[in-house]
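> Each chain is listed here by its residues.
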Amino acid sequence: MARAKPLLPADPPDQRQLIAATALFGLSALPLLFDLDARVSAFIVGMLALQGLGIRFPRLRPGMLVLGLLTLVGGLNVIDAYRGIAGQGPGTALLLSMVALKLLEVRNKRDLRVLLLVLGFVLVLQFLFDDSPWRLAAMVALLVGAFALLRDLTLPAHPPARAARARISLRSAAVMSAQALPLALVLFVFFPRLDAPLWDLGIENPHAVTGLKDWLEPGSIKDLVVSGEDVMRVRFDRAPGMPVERMYWRGPVLWHAEGNRFSPARPGDFPEAVVDVEPLADPLDYTALLEATDQHWITALDWPLAAPPGAELTADGQVLADQPIDERRMFRLRSATAYRVGALSLEEEAAALALPDTVTARMRALAASWTADDPPPETVVERALAHFNEQPFRYSLLAPDMGPRAMDDFLFDSQVGFCEHYAAAFTLLMRSAGIPTRIALGYLGGELNPYSGDYIVRQSEAHAWTEVWLGDKGWTRVDPTAAVAAERVDPDGALARLGAGAPARFRLDDRSVLGRAVYDLHLMLDAANVAWRQWVIGFSHFKQQQILRNLGLGALRDLGLVALMALAGAGIMLAWGLWLGHPAAPADPVRAAYAHFQRKLRRSDARLARHPEEGPLDHLARIEHLRPDLAATAAPVVQAYVRLRYAPASPTASGLALLRERVRGFRPGRKGAWRGGSTPERG
Amino acid sequence: MPRGSQLAQGLRLRLRRLRQRLTGWRPHAVPRSAEAATHHRRIYILPTKAGLGYGLVLLATLLGALNYQNNLGLLLTFLMISTALVSMHHCWFQLLGLSVRAREGLPVFAGERARFPLSVRDSAGKARPQLAVVGAAPFALAADGEVHLELTRPTRRRGPLALDRVILETRYPFGLFRAWTELRPFAEVLVYPKPAARAPQPPMLARFDQQGRGDLGVGAEDYVGPRAYRPGDSPKQLDWKAYARERGLVVKQFGGDQSARVWVDWEAVPSPDVEHRLSLLARQVLDADALNYSYGLRLPGVSIEHERGGRHKHRCLAALARFDAGAPGAEPGAEPGSAQA
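Chains A and B are the protein sequences, given in the same order.
Heads up: the first sequence begins at 49 in our numbering, then just goes up one per residue.
Heads up: the second sequence begins at 180 in our numbering, then just goes up one per residue.
If you are wondering where the hints come from, they were derived from the structure by calculation, not from laboratory data.
There is no bait here: all hints are sound.
Partner residues are not named here, just some residues of chain B that face chain A (Cβ under 7 Å, in silico):
1. Gly252
2. Leu255
3. Leu258
4. Pro317
Think about it this way: if two alpha-carbon atoms lie no more than 25 Å apart in a straight line, the pair counts; the simulated DMTMM-like pairs of lysine to aspartate or glutamate are:
5. A:Lys150 <-> A:Asp83
6. B:Lys431 <-> B:Glu484
7. B:Lys373 <-> B:Asp503
8. A:Lys648 <-> B:Asp323
9. B:Lys228 <-> A:Asp62
10. B:Lys228 <-> A:Asp159
11. A:Lys648 <-> B:Asp301
12. B:Lys373 <-> B:Asp452
13. B:Lys228 <-> A:Glu153
14. B:Lys228 <-> A:Asp59
No residue lacks a Cβ here, since even glycine has one placed at the ideal position from N, Cα and C.
Using the sequences and the hints, build the whole thing.
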């Protein structure tokens, strides 16, 4: 094959094309500018301004030397702003800076084409920063724009009018993108996903939120409660059969007390600990969609019975993922809501009784006052809860900052605290009384979205409670915060001002009609948001296997996905091929009628089809030769067509009607219906 | 023959067939008629450089999005991939249902470019937004439309030059793919021998010629009288004043004397090389025509009687172009046969 002369000459793009490319890049860079270092953003904006100037006054376009200098400045700017180029922020900053410079360097259409192709990177990069549907819609629109500009670049140099040009380009880009949608969706559903990253370039997850820590100090939960951010969404396989206010979502379990801080068990602390849990009711199966926490634990309802793949269940009832949850992930979980947990190793008992040196004599004395008559542990717990209830303890976010002996201050002086105060103080008192006690961190309650059926748990529901060892009954949950009388919960002051939800939850009944409508809208949006997260953002390897299983192809695993992808993809492409290859109906009614006649002939016998180079009369002669039986009916049609088509006068309505009528009356019959004498071979 | 070499030969044959299939080089695949239609088996498509670059970008975004399990990134990447694939289909189908008709072009001298008039016609009732014939400017084609263009080819040797092949190509819609097809519509352009820079004066005719006109004893290039126009007469000879007086097209006849009657004669131009000899003869024909001599042409096996005018010139040059030194009756030294046009 001889080297073809280039069809697209390397001529300079016209001004409109430059403006369009600049706008496309500017718009796709715009949302990223807010995520980048201010200096890098300033550089990119500067380059865009320079480009605008260069378009308006072509003489001001920077030369090669200036461009070289600007490249150096841009690169150093990124390195200086980020102290390196590794990672998501600096990488994006460098790419955007360089693409902005490439924009300045565009000299011919080839450069512009390269720029448009690289724009694909910039569009995909966006989703590292934002995964909302709006961002996707914006990027798809920009992608169509980029394709339109690519189309414009292939248009001949002698253009139609500007408006027509833009319309042609945009239309064909939009049409092709729309036609690409089915295939893109097939690829999206069936393209096998990875279970875990192949490599890690230090791209941070954009969605890490501040959540529970795996330790507890007075005040550590208070910060969360004012945060309205989501923690998880849960969908139960069947109705859970318990009110949402009673749902304890279990996170880390804290054993060790040092100073004012409680911390969880370290690996190897309890070598003899065993999982020994006996569900007392049907367990609940559910799917939990967890937000990124950068922590290992997977918050689960009450007492988890099994760990999902990639996680393990500990003896103290935590589900710990092997990898920190650094992005939104979905897990299948199973929990018991009524259970008996009954195993306590010697190491565990020792840890659950250990007291820090912050326990004061007053606290010991209080604990001793409950155990003087050597009651069973249940009675001690009851007495302690009664103490919290009877003393003027108040429940408030605005607990005063406390010193090193915070628990002593809280119990005897301020008596104002939040759940962490109650849990920590209660634990220390129980341990002083000789009852093994530990703290569980997590969330209490949530909100049921009636539109999606999901339970939404937010950071504002963060909670701390305790578990005491009651001999035969095993570990039993005790929530000392609940012992504080409801009227002492600070109802309006702090919580309302801070917008916090728990435990003084919003009550729907209190709302006005308008407020309720807004709230409903909010819930509907939330349902849509959940669907988006579940089916688009959270679509994973797991979901794919689920789809395969539903199709009965679960055993094929990734192979099945690839096969389905290939089948569906090939089917779609074949469909487009057939559609494109099908001749379009002629707009001219005379030709349309003639084409109808041709179709009838073709269907009757392939040999009767008109050859491309054959005129209508030659064709008729051939028909008469091949099928003498058709001569009488075919000839009037062809004659009428020739008269309409080649006569000097423009076709008349009556002539057209005649042609149509004759075409309608033409019945060549099917191949199988041939009479023996009608074929020349036999006749 | 050892089995191994047999096997190797078989493999080689297969490879050659495969290569021929892939490159579309099939010498007898297309019949030689003036009109050639595209055929789906002979439409080829490959990514352009831009398409390959786009492929790299897409591969990078695909791997990145897969690795970081970024579903939106994947979705956009798949949309880009699918759009490129759909555009590939559109690109290929641009070339289906087209036919190219070539016509004979005007004769040229060797070394000039031969021009073949070409028309591209849509026979599938579909508009083609962007098409090109390699070597000509891109164009668009309306449904059932026809576009006329001209294809030029360099010429080196005299004789009839057949149009070798017409490559129809398109990069519609985004320039990511190039589809092309090779068509071989039959058309010829006659290539005259390249005239030599200068040639010896042809021998003047010594004897009186009964057929001669205008030898009335007056000097060369004298006006002899009017005559009715015949097709092929040079416009230089037209009597424009007579035309202005509405006497119709009249040619002014100039009578040459005996010396203005020449033979452009193969035998009179001694040169060992046939082609050089022909180029000298071509120059003589052109000179004689420029001087408005009445001239005849004698080649081995060909003889053309004395005549003037453009049509005559083309007849002589065509004879030179088609001269076949190896043809019967054309052996060197053979007597010129009877006149044959």
